[in-house]
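A.B. asks: These are the residues of each chain, in order.
There are 4 protein chains.
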Amino acid sequence: MSEKGRVEAFSDGVFAIAITLLVLEIHVPEIERHQSLWTALGREWPSYFAYVVGFLIIGVMWLNHHTTFGCIATVNRPLLLLNLLLLMAIAAVPWPVELVARYLDRGDQASVAVAVLGLLMTAMSVTFTAFWQYALRHPALLAEGVSVPASGRLRFALGLAGYPALTLLSFVSAPVTLALHGVLALYYAFDQTLARAAAPAGA
Amino acid sequence: MSEKGRVEAFSDGVFAIAITLLVLEIHVPEIERHQSLWTALGREWPSYFAYVVGFLIIGVMWLNHHTTFGCIATVNRPLLLLNLLLLMAIAAVPWPVELVARYLDRGDQASVAVAVLGLLMTAMSVTFTAFWQYALRHPALLAEGVSVPASGRLRFALGLAGYPALTLLSFVSAPVTLALHGVLALYYAFDQTLARAAAPAGA
Amino acid sequence: MSEKGRVEAFSDGVFAIAITLLVLEIHVPEIERHQSLWTALGREWPSYFAYVVGFLIIGVMWLNHHTTFGCIATVNRPLLLLNLLLLMAIAAVPWPVELVARYLDRGDQASVAVAVLGLLMTAMSVTFTAFWQYALRHPALLAEGVSVPASGRLRFALGLAGYPALTLLSFVSAPVTLALHGVLALYYAFDQTLARAAAPAGA
Amino acid sequence: MSEKGRVEAFSDGVFAIAITLLVLEIHVPEIERHQSLWTALGREWPSYFAYVVGFLIIGVMWLNHHTTFGCIATVNRPLLLLNLLLLMAIAAVPWPVELVARYLDRGDQASVAVAVLGLLMTAMSVTFTAFWQYALRHPALLAEGVSVPASGRLRFALGLAGYPALTLLSFVSAPVTLALHGVLALYYAFDQTLARAAAPAGA
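Protein chains in written order, with this note's numbering: chain A, 56 to 258; chain B, 56 to 258; chain C, 56 to 258; chain D, 56 to 258.
If you are wondering where the hints come from, they were derived from the structure by calculation, not from laboratory data.
Among these hints, one or two may not hold up.
If several chains are the same, the list does not tell them apart, and a pair holds so long as it fits within one copy or across any two.
Below, a list of computed lysine to any residue pairs in the SDA-like style, where the Cα atoms sit at most 20 Å apart [to be verified]:
no., residue 1, residue 2
1, K59, E99
2, K59, T123
3, K59, A244
4, K59, L196
5, K59, T182
6, K59, T122
7, K59, L137
8, K59, F245
9, K59, V83
10, K59, R132
11, K59, A195
12, K59, A128
13, K59, N131
14, K59, R192
15, K59, N119
16, K59, V181
Bound-form chain A, shown alone (with noise of 0.2 Å):
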């Protein structure tokens, strides 16, 4: 397999084991024999949504570093470590969904633990971005015809605000933020810019 299949295929085994990791946080309630089990498994509705948010973002980030690695055609050792970057946050993702699945039903913690996920998504947006703007300026590693057009180039701008704005959106309110980060994985779910400029280098 070339260098840029195997970093690939690497990067796509981190996503899987990471977005089947998030189960792991859904835990099974400890009762009493005369309790409700229906009761018990209803007060844990934060795991439960913490799981859906967090499977959306690993699974739509898949998406998007799958498209991106069609605009590449070789890798090199900065590139290499850019990736390595972002993989390192992509697998600290089940961390703020655990801690968000516990604490998103208690008050004020609930800010702090939405507020956290947010911070790590900047940090992955950064990465992201930093990865991208790389390849950019080193055509040397990319496919054949890709050319961003400006609407890409908003794409990432929107990541690199959206996130430290859904970060202080956290202290307004948690649940709502929670549920847009979910949204903002479905917008780059849809958002065809960077599929567009991967074409020339297609399947």
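Dock chains B, C and D against chain A, hints included.
C.D. replies: Relative to the frame of chain A, chains B, C and D by itself:
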């Protein structure tokens, strides 16, 4: 690798990880020095039962996912998102399996635990049907020569009706219903309808 | 990818995950500030011993699974299900390994723990033999030119007799039996019978 | 897939899983309603530090493993076993990382924890050198045109001397030594000696 190939590899990763994480629900009993380890291990029978059924469920779903992808030539964003929803249900399976392992020998709570498994399987069946119906209605996505016999539709209908039925049946007998989940998985393993539809797109 | 290729990739995933999950059984000891961490770590020796043996068992099983698939040209549903049963045993290995890690320094309970490992290995040996016998009896599934020398049959017989013997031996000495599990794995690593049978189907 | 290809895929799987399991050592703090979650999260700084260093260690080892395999044309059983020993060390990394995360802010115990990481890295360095020396002495296993400059030998010598040195240094300053583990990983990421040796066997 083609976009379709990478989606298959990513999905396979999620299936393989979810199925291997099942073992984490089999706990090592904590006992005192003078107690019998055989007895303590025997008391964990619901864990072993749940492990076997969970393994069959995910393993056979993997077989079918794989057969379904044999009918598909190319993927688009909506299909990728439907696949992501399906994986969201698959990756969650270790959670109800642990729930069942913990509560199967605990009277009424056993029924609730097995019913939760039934609800998740219903959700999986719905997303799998949505994935498949979407593909069928977009022939451009299908491999050449794919056609689905009427019995193929029956098969999906069986899942859509069968899992809600098993959910209700949990309240009659939890252990019997759990066994029926295993039996239904084996039925899906041997049913060749989809495989026949996929044949023209073969290996 | 061909059906056989995807089954190999899925199986490899399960092997890789099960072998890597073994590390979760090596616990970080909880000690007070004035206690010696070296002493506490030393007391965890059964964890390290169990980790090494478990790693050899799964790693060598992976080698052999891989060699076996070298003899196979195509797969059908019964063979897929036999492979699933084999993976069910493989994926369960981290559980007896944790059991052994916890009870190896606890008198009689150590024998029970190592015997449980022996029983799981017996189950694995039975499913592996069933898988192999099924393939041999369906020459259409085999790669061209594959033939199994008598010593190949001996090899499977050794597993079928050896693991029950080790199960019984656990009650004589648990640590010696655990070491013998590692030795038996190494024997299987170097025995080339299967590899020779597979040669005509080679890389 | 060729035997070499499957070994690479299996090894990549172990690397990807070990690196992603690191996140499990970052615990979600348990606090009371009136306490500050920010403060509690701040107190967990050793976890974040250990996560970053552990991620660099495994990620860069993956890069180098991959480069090394670029020099290899075919594998035999002894090389497979040496690779398995190397993976045994890699897959164990999450354990000293958790040890460091738990004890880095605990006086003398911090030195022991970082020394244990150093010992594991020494073991990894020894098995990696053994793997590489074995391959060099069996030219039939090497890709055509591979030759290792003297600086390549220096590189392995550095690991064999550097990790024991870091182990001793742990007793001078645990946090500085932990940081040096990260720096050494980055050095290995940028050193191109092996990459140059591998070039003739390129993608």
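A.B. asks: With 20 Å as the alpha-carbon cut-off, assign the pair K59 and A128 to within, between, both or neither.
C.D. replies: For K59 and A128, the Cα distance is within 20 Å both inside one copy (8 Å) and across copies (19 Å).
A.B. asks: Between copies, within a copy, both or neither: which fits K59 and V181 at Cα up to 20 Å?
C.D. replies: neither (22 Å within a copy, 29 Å between copies)
A.B. asks: My question is about K59 and A195: at a cut-off of 20 Å on alpha-carbon distance, are they close within one copy, between copies, both, or neither?
C.D. replies: Within one copy only: 14 Å inside a chain, 26 Å across chains, cut-off 20 Å.
A.B. asks: State whether the alpha carbon distance between K59 and R192 is at most 20 Å within one copy, between copies, both, or neither.
C.D. replies: Within one copy only: 18 Å inside a chain, 29 Å across chains, cut-off 20 Å.
A.B. asks: Classify it for me, K59 with T122: is the Cα-Cα distance of at most 20 Å met within a copy, between copies, both or neither?
C.D. replies: both (14 Å within a copy, 12 Å between copies)
A.B. asks: Give the relationship of K59 and F245 under a CA distance limit of 20 Å: within one copy only, between copies only, both, or neither.
C.D. replies: between (26 Å within a copy, 17 Å between copies)
A.B. asks: Please work out whether the CA atoms of K59 and A244 approach to 20 Å or closer within one copy, between two copies, in both situations, or in neither?
C.D. replies: between (23 Å within a copy, 16 Å between copies)
A.B. asks: I want to check one pair: K59 and L196. Are their C-alpha atoms no more than 20 Å apart within a copy, between two copies, both, or neither?
C.D. replies: within (10 Å within a copy, 23 Å between copies)
A.B. asks: Checking K59 and N119: alpha-carbon separation at most 20 Å within a copy, between copies, both or neither?
C.D. replies: both (16 Å within a copy, 15 Å between copies)
A.B. asks: At most 20 Å between alpha carbons: which applies to K59 and L137, within, between, both or neither?
C.D. replies: Cα proximity of K59 and L137: one copy only (14 Å, versus 26 Å across).
A.B. asks: Are the CA atoms of K59 and N131 at most 20 Å apart within a copy, between copies, both, or neither?
C.D. replies: This pair counts as within: shortest intra-copy Cα distance 9 Å, inter-copy 23 Å.
A.B. asks: Under a CA distance limit of 20 Å, which applies to K59 and E99: within one copy, between copies, both, or neither?
C.D. replies: neither (42 Å within a copy, 36 Å between copies)
Of the hints listed earlier, those the structure fails to meet are numbers 1, 9 and 16, in rising order.
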